[in-house]
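The sequence shown begins at 4 in the working numbering and counts up by one.
Read the hints as simulated data drawn from the structure, not as lab findings. Keep in mind that this is a model prediction, so the values were computed, not measured. Just so you know, not all the hints are guaranteed correct.
[What the hints assert, rightly or not] Here are the simulated EDC-like pairs of lysine to aspartate or glutamate, each with C-alpha atoms no more than 16 Å apart in a straight line: (1) 274 <-> 33; (2) 152 <-> 106; (3) 285 <-> 14.
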Amino acid sequence: MYENNCAVLTEEYRGSLLDLVHEGYICVVDENGKVIRHAGDPNAMVYYRSASKPLQALPVIAMGLDEKYGLTDEETVIFSGSHLGEPFHVEAITSIAAKAGLDLDDLVMNPTVPGSTSANEERIRKGLPKAKIYHNCSGKHTGAMLIQKELDPEHIRDYWRPDSAAQKEILRAISVLSEFPSQQIDIGIDGCGVPVFAVPMKNIAVAFKNIACIDTIQDASLRAAAQRYIPRIHHYPLMMRGTDFLCSMINYDPNIVAKGGANGVYGIGLKKERIGISFKLKDGTEAVWPIIIKEIFRQIGYYNEDTFAMLDRLNSGTILNDNGTPVGTSKAVFTLT
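Taking the hints into account, I'd like the entire structure generated from these sequences.
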C-alpha cells in the first residue's frame, strides 16, 4: 500500500483495466493537534499553495484594515479566495482598491484572463484586454498590499518580496496557526509571485483545526480576527472560488472551513467534531478531490446530506468520455489508520 511514504488514495479504471493510480498523504488531527488518523506520512513537508489563503487573510482583519477602509464582509472574503474572475469577484477587488487607495497596476503578476469561461467570453465580447485583476490570486495579493501599506507605506509595491513587512507578518500568522516554528518553514515562490510556505502535513491539518475551532488559536489577535472573519466565509462562499466549484460549494456547510491549493493540496476543519484534515496528491491532480473528501468523511463518521450530494455532483466516480458516455470508474482505496 505504501511507497516512498505515500499511500495509494484513488484508483481509476477504464473498462476493467486499472488505468491510473493517485498517491499521496492524508492526515487528521484532534483539537489538541494530535494525529489521530492518517494515510501516508503525516510528517511529509508540503507547500500550502493557495490552501493558506484563509490563514493569510487573518492579519488584515487583526490589524483592523477592513474597518479602517470600510470594506464589506463580502469583499474581505476575496482575500481567502482563488477566484475565477467572475463579475462579482472583479467588483470586490476593484472596490477594495478604490476604498484603500491602492493601484492595481502594482500587483506583481502579469495580466491574464478570467478563469471562468463565461466571464472570459464576456470580456472578449466587450473587447477588454487582459488584466492583473483577473488572476485567481489577486484577492490574496490585495490583502498583502493592505498589510504593506499599513506597515511600510513608502514601499507598497514591494508587498510580494519575502523580506517585506507584509510577508513577514504573513509568515508569522502561518507559523502561529500551523503551530510550527517560522524558522523551520520552507519558503518557495508561488506561481503568482509571492512566497509560498511548506510545513508538515499534520501542521496543515492543525491550522485548519484552528480556524474551525477558533478558541484553540494561541495568538489573541489572530483568535479575535478569526472570530470576526471565519463566519463571513459561510455567508459569501462564492468568493472562495466561484460558481459550482468545490472550494466555494463546500463552505456552504456551516460546520466546515475548507480551502484547496494548486498541485493537489487541501485543508479542512470540522467545527463540531473539533478536528483538522489535510491531504495532498503527489501528482497534483484535483479532479478526485470530491471522492477523497467524501471517503475521509465516511471513515471519520461525518455526514451532511447536502454536502455529500454536492460532492457526488462534482465527481460521482463515473468517468465520462468527450461524448458523455460512461467509460470507467474512479474510487477511493485508502484506509485511515
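Now for the hints, and whether the structure bears them out:
no.	hint	verdict
1	274 <-> 33	11 Å, holds
2	152 <-> 106	11 Å, holds
3	285 <-> 14	14 Å, holds
When each numbered hint is compared with the structure, no violation occurs for any of them.
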